[in-house]
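Engineer: Each chain is listed here by its residues.
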Amino acid sequence: MRNRGRTAFIVTYLAPATLLYGVFVIWPVLQAFGFSFYKWSGMSANKTFVGFDNFKQLFHDSVFWQALEHNALIFLIGGGAILVIGVGIAHAMQGEGRLTKVLRSVYLFPNIMSLVVVAILWEFVYDPNIGLVSSLMRLFDGPVRAGAPPVDHSILGSATKALPAVIVTFVWFAVGFYIMLFSTGIRQIPSEVVEASKLDGAEGFHQFRKITLPLLWSVGRIAVIYLVINTLNVFALVFLMTQGGPDRKTEVMLTYLYEQAFVNSDYGAATALAIANFVIVMAVSGIVLRLTRKDPAGASR
Amino acid sequence: MISLLKRAGTNAVLFAFALVVIVPLLWMVFSSFKSGPEIFASPWGLPSKLHFENFAHAWQTAGIAHFFLNSLIVTVATLVVLIPIGAMAAYVFARYPFLGSKVLFGTFLGGMMFPQFLTIVPLFFLMNSLKLGSYSLYDTKLGLTIVYIAYSLPFTVFVLAGFFQTLPKDLDEAAMIDGASHSGVFWKVMLPLAKPGLIVVGIFNGIGLWNEYSLALVLMPSEANRTLPLGIANLVMVEHYQSDWGALFAGLVIVMIPVLIVYWIFREKIHETMLAGALKG
Amino acid sequence: MKTHFLALAVASASLGVLIGGCSGGSNESTADKSKHLDVVSFQGGFGIDFFKQAAKEYEANHPGVTISLTGGPRVWEQLRPQFASGTPPSLTWPGWGMDYWALIYDKQVLPLNDALAKPAFDGKGTWRDTFDPALLKLGEYQGQQYELPYHYNIMGWWYNPDTFAKHGWAVPKTFSELIALCPKIKAAGMAPLTYQGQYPDYTIKGFLFPWVISIGGIKAADDAQSLVPGAWKSDAFLQAARMIKQLRDQGFFEDGANSLSHTQSQTDFLAGKAAMIPCGTWLESEMKKTMPPGAKMAFMMPPVVDGGKGDPSAIMIGIEPWIIPTAGSNHELAIDFYKFMTSLDKAKQFVTECGTLTAIKGSDQAKMPETLVEPARLFRQSKTVYSIQFDTWYSTLGTESKHAMEALLNGSNTPEQFVDRLEAEAEKVRQSKKPIHTMTH
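Protein chains in written order, with numbering that gives the first Met the number 0: chain A, 0 to 300; chain B, 0 to 280; chain C, 0 to 440.
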């Protein structure tokens with residue numbers, strides 16, 4: 000009885016979404032993939048077939064590797080910070096205090112703001128003269144020695160401070176969503192387990208480490224996958240704040256991709272980079288999924 | 000004593016976090032009331048006098064009422080179609096496995112990973128070539144809506160599939176024994192149970208659509224149809240050239256207000272949803 | 000199931016009709032296509048009102064002709080797909096984000112030598128004669144005219160004459176005068192120089208090239224732009240880089256200038272935090288709305304190098320090009336409309352209304368804002384007019400020069416490393432198959 004009309008049901012219910020998605024997303028993506036085998040300016044109908052040249056060029060492109068390194072740093076450092084802060088704040092928010100109630104109303108604010116706003120805002124925060132951060136830095140300056148080169152309070156213009164600054168902004172913007180994710184996960188922990196652990200004498204941090212953390216595993220996996228995608232594909236924030244500068248110190252794969260497509264008018268090189276980026280995202284996601292398959296606490300759901 | 004310290008410590012962390020989140024927003028609101036030169040002269044102080052004309056100026060220059068309406072139409076239209084068809088597909092993926100369903104599901108997810116602006120050129124060709132008489136889909140709200148629906152499907156399908164999966168396995172068995180068809184089970188039993196998920200998906204999509212910029216820029220360039228982010232971005236960039244920072248911030252505040260209002264109204268709902276949706280019973 | 004589905008289908012369809020109906024009109028022109036022009040213009044400091052009004056005037060004088068004139072601050076993003084699909088406008092000023100030369104190499108731009116040989120708008124002489132030849136030359140490629148200049152900007156330094164008068168400072172004409180003046184400026188509590196750190200082309204145009212030319216003559220710059228091997232690490236470039244480093248080491252740049260946007264640094268200059276800044280003649284119209292009360296600006300040439308062999312009257316300009324896309328419709332009509340726009344009367348009107356100089360001879364006789372008078376005079380008297388074009392000709396070299404400049408200014412590159420990486424990138428461009436341009440004087 001269950002199978003009556005099952006196939007018809009599947010087809011009818013999948014059709015609208017699949018059709019729309021196939022025509023307006025997949026088809027353009029496939030076409031874009033096809034462009035990677037051509038030399039094309041993207042601005043006329045003239046294309047020249049070049050086979051795998053774009054990919055060979057990409058492999059030898061030092062800017063690509065530099066950008067990839069920055070993406071990796073954003074993933075490891077930014078992603079790591081987001082995980083720690085996300086879990087920590089989610090845990091701390093489980094109470095019912097007034098402060099907690101206030102926080103619950105506002106923690107998603109950064110995440111719902113438009114990126115244009117976030118970028119402009121943080122450019123001011125990092126401003127070397129009137130910004131919050133540089134004002135703090137000035138407190139730590141020593142006395143000025145005559146004739147010495149001036150202390151540079153540049154942040155987004157500094158070769159060493161720019162990337163960390165961008166990562167901080169990224170964390171500020173993104174962490175709300177992960178707090179929400181982990182809050183969900185924590186609430187999913189059956190109260191009997193929590194009660195039982197309390198009876199066994201587990202308290203505070205100990206309880207957190209032994210009980211909460213392992214049971215957040217499946218939510219944690221989702222979080223890490225989202226982080227892989229969002230850090231490897233980060234674009235708008237970097238583009239708006241630093242354009243990949245200074246001197247490519249904050250260049251990421253997608254800002255370089257934009258440059259190839261729209262500044263150098265080399266659409267083929269750009270799509271080759273897009274494919275490389277796509278493969279990397281898939282590969283890293285796959286590795287993460289495989290590595291996190293086991294549930295170490297043994298507590299299955 | 001130790002637990003008191005722990006509580007104080009926790010509160011301190013929460014307080015610091017709340018500050019970090021709220022201060023930048025407040026700063027933006029304060030700046031929108033300052034005059035241009037004042038923003039640079041004293042960026043972290045309170046406005047010396049409330050320059051309401053910034054808002055009037057932004058409203059007029061940007062023609063905001065009109066863009067607001069366009070955005071509203073497109074966002075609502077997208078959600079009205081997106082949620083049902085997304086739920087339908089998600090339900091099949093979650094509870095009706097078939098040969099290749101995992102691959103198809105993976106394709107939905109995979110599409111999220113491809114940088115959007117590279118598909119703009121093929122998409123542009125596509126919109127121009129899909130014609131009804133002498134009307135193409137290019138530069139129409141209908142065209143943009145269809146594209147928005149298509150691009151919002153992966154996230155929607157992914158999240159809703161998760162929700163449907165957590166619903167009890169024997170629920171549909173029971174319903175069908177009572178004589179319901181597959182679709183009957185879906186519309187009468189499963190969908191209502193997944194309401195929390197629908198709300199969450201609706202809100203997150205809605206916010207994303209409200210703020211969407213790059214697709215609208217290329218696919219709907221004319222001023223008559225322009226959406227709010229484009230209108231504001233234009234304002235930002237035009238003001239960037241004219242350096243009217245007061246009006247710029249006022250414009251940004253204006254575009255943020257609907258988002259904040261919706262979020263504020265639904266904030267408890269969202270939290271309940273995460274709570275309820277998580278309790279699989 | 001069927002009922003539900005039907006309901007859904009009907010709902011979607013009616014929604015579709017509703018939205019389609021609200022589209023604000025058809026997207027195909029109902030006007031006579033052979034007499035219609037689509038004109039798209041970049042919208043910057045002076046907006047597009049002037050062009051809109053010119054379009055209306057033309058329509059009034061030519062019954063049956065319709066012109067739709069639109070624009071935006073990032074209009075090249077909309078134009079790119081239009082070029083790709085073969086549906087570009089008839090006439091356009093795409094703005095700084097568009098890769099003009101890719102279009103030209105790809106034969107997407109109409110060659111205009113023939114049109115220029117025809118009579119001018121007022122019938123006296125050819126159309127070509129009405130343009131300043133130095134400016135027109137910048138839009139040429141292999142002997143053909145592709146880009147048409149409309150307005151142009153002059154690049155130099157700016158200072159506040161009231162501040163200088165108040166402190167009794169003389170405008171420095173040479174580098175040694177500059178070095179002597181800077182400590183006095185610092186003692187008065189101001190930064191001697193600031194710059195638009197986020198956009199290194201300001202410093203490339205404001206510091207590097209003027210000093211390269213002052214040291215090695217215009218040939219040093221022409222050779223570099225023509226990608227002559229070794230030109231980018233010539234003595235002139237190395238010395239100019241060292242001069243920039245010297246200014247940095249002696250603390251004569253505003254603190255944090257590396258992070259500043261153009262509005263921030265220019266605001267600092269106008270607010271009196273810095274005494275001098277490199278910028279183009281668009282400065283006043285760009286900063287009109289944030290000018291603190293009492294702020295004044297005046298143009299000065301970048302100080303020349305003592306004992307340099309370059310022409311001290313050498314002046315840097317930049318044109319803003321309009322093009323007629325090959326795939327656009329109604330070429331003749333587009334050319335005629337542009338001819339109307341470049342008529343002497345309209346050009347003079349532009350100078351007065353938009354406060355910017357145009358490429359049309361005689362247009363500088365129009366009433367212009369005070370800040371333009373001195374640069375216009377210096378342009379008229381100059382014996383060497385030049386422009387920076389290598390960054391638009393070779394985009395990778397342009398990008399690398401900006402990165403190298405950032406590194407030089409924030410100290411992570413020495414002058415030697417700076418010139419080396421520029422020469423390395425120039426070599427890469429020579430090895431690639433990109434067309435090479437030659438610049439001569």
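Hints in this document: simulated from the structure, not taken from any laboratory.
Backbone N, C-alpha and C fix where the C-beta goes; we use that ideal spot for every residue, glycine too.
Incorrect hints may appear among the rest.
Claimed, not checked - Dumping the calculated DSS-like pairs for lysine-lysine here, alpha-carbon to alpha-carbon at most 30 angstroms:
id	chain 1	residue 1	chain 2	residue 2
1	C	366	C	51
2	C	360	A	55
3	C	172	C	401
4	C	185	C	172
5	B	48	C	382
6	C	136	C	382
7	A	55	C	51
8	C	136	C	433
9	A	160	C	185
10	A	100	B	48
11	A	38	C	106
As the list claims (entries may be wrong) - Covered by chain B, according to a simulated footprint, are these stretches of chain A (three or more residues, beta-carbon under 8 angstroms):
id	stretch
12	63–75
13	156–168
Engineer: Now tell me if each hint is right for this structure.
Structural biologist: Verification of the hints:
no.	hint	in the structure
1	366/C to 51/C	holds (21 angstroms)
2	360/C to 55/A	violated (51 angstroms)
3	172/C to 401/C	holds (27 angstroms)
4	185/C to 172/C	holds (19 angstroms)
5	48/B to 382/C	violated (52 angstroms)
6	136/C to 382/C	holds (16 angstroms)
7	55/A to 51/C	violated (48 angstroms)
8	136/C to 433/C	holds (21 angstroms)
9	160/A to 185/C	holds (27 angstroms)
10	100/A to 48/B	violated (33 angstroms)
11	38/A to 106/C	holds (16 angstroms)
12	63–75	violated (count 0)
13	156–168	violated (count 0)
In terms of the numbered hints stated before, the structure departs from hints 2, 5, 7, 10, 12, 13, listed from lowest to highest.
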